[in-house]
Amino acid sequence: MSEEKVPCVPGLFSEENGVARVHGSRCTGCGTPYFPRSAACHNPDCSGSRMEECSYGGAGRLWSFSVADFPPPPPHKYDKPFVPYAIGVVDLDCGLRMIGQMVDQPSDLTVDARVELVIDTLYHEDGKAFTSWKFRQLAADAARSH
Amino acid sequence: MQEVAVLGVGLHRFGKTGDDIVGTKSVTELCRHAIDQALADAGVSWKQIQAVCAASSRFSGGKGWGLNGNDVVEDMGSTGIPVYNMSAGCAAGGNAFNVGYAMVAGGVYDMVLVVGGEVMPKGMIQTSGVEEVTDPEFLRQRCVGMPGPSFWATLARRRMHEMGTTEEQYAAVTVKARKCSVHNPYARFQKEVSLQEVLASPYVSNPLRLFEICPVSNGAAAVVICSRAKARQFATNPVLVASSAVATMTFEDALPRGLAGPAPQGPSLHTEARAAVKRAFEIAGVGPQDVSVTELQDNTCYYELAFPEEWGLCQPGEAERLLLAGETAPTGRMPINPSGGFVSFGEATTAMGVFQIAELTWQLRGQSGGRQVPNARVGLAQTLGLGGNATAAILKK
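Order-wise, the sequence lines are chains U and L.
Letter by letter, the first sequence follows residues 460 to 605 of my numbering.
Letter by letter, the second sequence follows residues 788 to 1184 of my numbering.
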């Protein structure tokens, strides 16, 4: 009895064999990573701007986080009744600083903790589960064995 | 380059749709009130205005709830003068002032009206309102669910981690702001609040509470500027514009603005604001130590602690101590937002950069009553707007 899972926006992320990736791009001239894909490199010191597709994921460090304590207005979507959730800003080891909802309860989070990218359900609609990328805080032991 | 003077300023008190202050007034009505006051203060008539720089919030492709300078000119009387509509998110007011300043300084016009005003939609500011997968704002909302205040809360929490800032200290900024607002007849909120009241207000986005984040407001602000030479015909000792600068963010900026960006190498937050303020200091030939009074963009209390450090008004990590010692009050060594700030006014986006010029003008003239900074000689104004926009202006006696 598994519900149908649908990406909340197609083409931005995927999960294969349990590995979550977001699909962006990278400048082969200066190495700058981008998500979502960028048509050109934004680095003013890079004259190359040679972009290639590149996927990102893995672990990183929770730079900071906030909490959505009130239901946000449309086009935000969430399951009702609304339950406050945390939003993280994560410095991924691959070089991206990225925002994403946290799987964990706000009260369980610690700034500078190790986290990993996952794909998880964001909200339900029309009998389907709509997914997005999120981050999950790693326990200290789990971080080492992961 | 001509020296530029602020000849007249005006405000419509800020309020909320349906209240006793703004009621159901349209943005044009609010602007007319502010403009009439600014014209009277300047001692000039509408027909003497040669151009209008309007801070516009009609985001391209967006909701377009706000001000269009052409409506204002039609309402005041269609004299056929040029209208410049400037869009820069919450920095639009500062941007309009900068363009007006540049045109007077450059000798293009010699009597310019700068105006900003809003009738804001209710609730959290929604910038685009479109459901387009090419719109980063939409992706942030749909894929992450990160409402606007969360952006500030993220920064506030990081500061708590790095500097040891406490929730009580953020609350103390609001207490200070509202203490100032008691003496400002233009502020929407004019009552003091206690630390306990602030801390009892609900979290909007933990760690930031309702009383620590500016609400949206309706209001308007207008200033009349001209060359110093022309100003002498109207006033003996007008307030002068020492500098006006605009900047956008740079590549190394570390704020999480979109979904993702290259992880920064250093702690370079708000690069646009710092660059605008730095440039304003350079052009004016003054430094942070010369500033008597600052009006900065405090959408949230966090900024009142972070910005003075980022601009060199005080040392990093020093802001909390200065706040608690009363040094950011009007009578302190580093007065910040004697107007009461956004936390007391609420934000009528495009009016804010213009409102700051009005407040500094009153401060430098010594007309600020119970919120007066003693012997104010140099004033710094700063805005920060969505899209990586920032402005700064320095006024002097």
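No wet-lab data here; the hints were simulated from the structure.
Among these hints, one or two may not hold up.
What the hints assert, rightly or not - Calculated cross-link-like contacts (lysine-lysine; reagent style BS3-like; alpha-carbon spacing at most 30 Å): (1) L:K978 with L:K909; (2) L:K1065 with L:K812; (3) L:K966 with U:K539; (4) L:K812 with U:K536; (5) U:K536 with L:K966; (6) L:K909 with L:K834; (7) L:K803 with L:K966.
Evaluated hints:
The suggested pairing of K978 of chain L with K909 of chain L holds, with an alpha-carbon distance near 22 Å, which does not exceed 30 Å. Restraint check for K1065 of chain L and K812 of chain L: the C-alpha separation of about 38 Å exceeds 30 Å, so the hint is violated. Straight-line distance between C-alpha atoms of K966 of chain L and K539 of chain U comes to about 40 Å, which puts the hinted pair past the 30 Å bound. Restraint check: the Cα-Cα separation between K812 of chain L and K536 of chain U comes to about 33 Å, which exceeds 30 Å; the hinted pair is violated.
Restraint check for K536 of chain U and K966 of chain L: the C-alpha separation of about 39 Å exceeds 30 Å, so the hint is violated. A distance of roughly 36 Å separates the Cα atoms of K909 of chain L and K834 of chain L; the hinted pair therefore is violated under the 30 Å criterion. Restraint check for K803 of chain L and K966 of chain L: the C-alpha separation of about 21 Å stays at or below 30 Å, so the hint holds.
In terms of the numbered hints stated before, the structure departs from hints 2, 3, 4, 5, 6, listed from lowest to highest.
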